[in-house]
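Each chain, letter by letter, is given below.
Protein chains: 2
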Amino acid sequence: MDYFSKDIGNLIGGFSSLPGIGEKTAQRLAFYILSRPESEAKHLAEVIVRARENVKYCKECFTLTDREVCPICSNSKRNHKLIMVVESSRDLAAYEKTGEYDGVYHVLHGAISPMQGIGPEDIRLKELMARLAGSEVEEVIIATNSSLEGETTAMYISRLLKPIGTKCTRIASGVPVGGDLEYIDEVTLLRALEGRREL
Amino acid sequence: MDYFSKDIGNLIGGFSSLPGIGEKTAQRLAFYILSRPESEAKHLAEVIVRARENVKYCKECFTLTDREVCPICSNSKRNHKLIMVVESSRDLAAYEKTGEYDGVYHVLHGAISPMQGIGPEDIRLKELMARLAGSEVEEVIIATNSSLEGETTAMYISRLLKPIGTKCTRIASGVPVGGDLEYIDEVTLLRALEGRREL
Numbered sequence: 114m115d116y117f118s119k120d121i122g123n124l125i126g127g128f129s130s131l132p133g134i135g136e137k138t139a140q141r142l143a144f145y146i147l148s149r150p151e152s153e154a155k156h157l158a159e160v161i162v163r164a165r166e167n168v169k170y171c172k173e174c175f176t177l178t179d180r181e182v183c184p185i186c187s188n189s190k191r192n193h194k195l196i197m198v199v200e201s202s203r204d205l206a207a208y209e210k211t212g213e214y215d216g217v218y219h220v221l222h223g224a225i226s227p228m229q230g231i232g233p234e235d236i237r238l239k240e241l242m243a244r245l246a247g248s249e250v251e252e253v254i255i256a257t258n259s260s261l262e263g264e265t266t267a268m269y270i271s272r273l274l275k276p277i278g279t280k281c282t283r284i285a286s287g288v289p290v291g292g293d294l295e296y297i298d299e300v301t302l303l304r305a306l307e308g309r310r311e312l
Numbered sequence: 114m115d116y117f118s119k120d121i122g123n124l125i126g127g128f129s130s131l132p133g134i135g136e137k138t139a140q141r142l143a144f145y146i147l148s149r150p151e152s153e154a155k156h157l158a159e160v161i162v163r164a165r166e167n168v169k170y171c172k173e174c175f176t177l178t179d180r181e182v183c184p185i186c187s188n189s190k191r192n193h194k195l196i197m198v199v200e201s202s203r204d205l206a207a208y209e210k211t212g213e214y215d216g217v218y219h220v221l222h223g224a225i226s227p228m229q230g231i232g233p234e235d236i237r238l239k240e241l242m243a244r245l246a247g248s249e250v251e252e253v254i255i256a257t258n259s260s261l262e263g264e265t266t267a268m269y270i271s272r273l274l275k276p277i278g279t280k281c282t283r284i285a286s287g288v289p290v291g292g293d294l295e296y297i298d299e300v301t302l303l304r305a306l307e308g309r310r311e312l
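As they're listed, the protein sequences go chains Y and Z. Reminder that position 31 of the first sequence reads as 144 in the working numbering, one-by-one numbering, no gaps. Reminder that position 89 of the second sequence reads as 202 in the working numbering, one-by-one numbering, no gaps.
The following block holds chain Y by itself, in its conformation from the complex (with noise of 0.2 Å):
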């Protein structure tokens, strides 16, 4: 990139650091940077360093927020007895914006795969059972991803959850609401039939 100067080279390789962000896109980001005022750049830059030096984990659901306990753990309206784990902060942002869900949530930050190296202790299970020893929750609903990983992790924790009695929930899967029956791949379709309800 010797056609650019150091400066701005410097920040297209900053931005196409980023997951998703290629070399090109990296290119707009940064001339979109350099065209606008100078306030709005160090706006940027500000809020960064912000989040990354104060959002650490929640006490409670291990989720990412900038206090001690997030707003979700800290609220006394929501149902403490019902436990949703998910695998990250995403993920509970998504069934955050159905606005329905009143219980609080579990982060795991991963799951487990055996092909990444990744087992049960490197995600926040022990935390999970810590959580529940002695605690009056009632219902933990799985909620992992749908994948082989999300599967297994599923089932890791039914089975840890089995001798202490709590009930283990997973989210249902089958067709997707809006979803054309003709494009839904097999596995799918059979998860469907298998969890169809009586009308």
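For the record, the hints were derived by calculation from the structure and aren't laboratory data. Because the structure is a prediction, the values reported are computed rather than measured. Watch out, some of these pointers could steer you wrong.
Identical copies go unnamed one by one, so any copy, or any two together, can satisfy a pair.
Unchecked claim - As a list, the in silico DSBU-like pairs of lysine-lysine whose alpha-carbon atoms are at most 35 Å apart: (1) K169 / K155; (2) K190 / K169; (3) K119 / K194; (4) K119 / K169; (5) K155 / K172; (6) K172 / K190; (7) K137 / K155; (8) K190 / K280; (9) K210 / K155; (10) K119 / K137; (11) K194 / K172; (12) K169 / K137; (13) K194 / K210; (14) K210 / K169; (15) K119 / K280; (16) K194 / K137.
Put chain Z on the given structure of chain Y with help from the hints.
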């Protein structure tokens, strides 16, 4: 975005203010930043601020650079009698990547667009004329985009240059290399026909 804490929300907002970055991508980038070492976040913030602070227009060709005169204009090995007029620094970079062009550039920072209210005085045309006045430039290659605005600008420049007598050329328009005739629009096909050359 009340399900994320303020700092994370600000970070997502910062990214989604960039062009072509939607809410989902901004979330992905934000959580990526949060998952990386603090030094990496600081580095990204630094390159943004440094680039925006230091980058200015080259005094000669008006490309974006961190020096008074850009590396291309200050390179005495290049042919300063050949000027390629481009719309943006990114177009300059595109031609530099070919590695074959040894002349210099002139960056307009836009194109004439009556629809968007951009007139000849809003782009770096005055500066081009000032640069040509009394210089020994032998040829001006107009390499504006092959869009309505680019063509308008090319026509306008060619008329400006007529009285001065400087040779003025336009890059060829036609079928892109590897292009499949079947999928190419009629205007391009006609251009390619008009611009045919003897073999």
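Numbered hints the structure breaks, given as an ascending list: Violated hints: none at all, because every hint is consistent with the structure.
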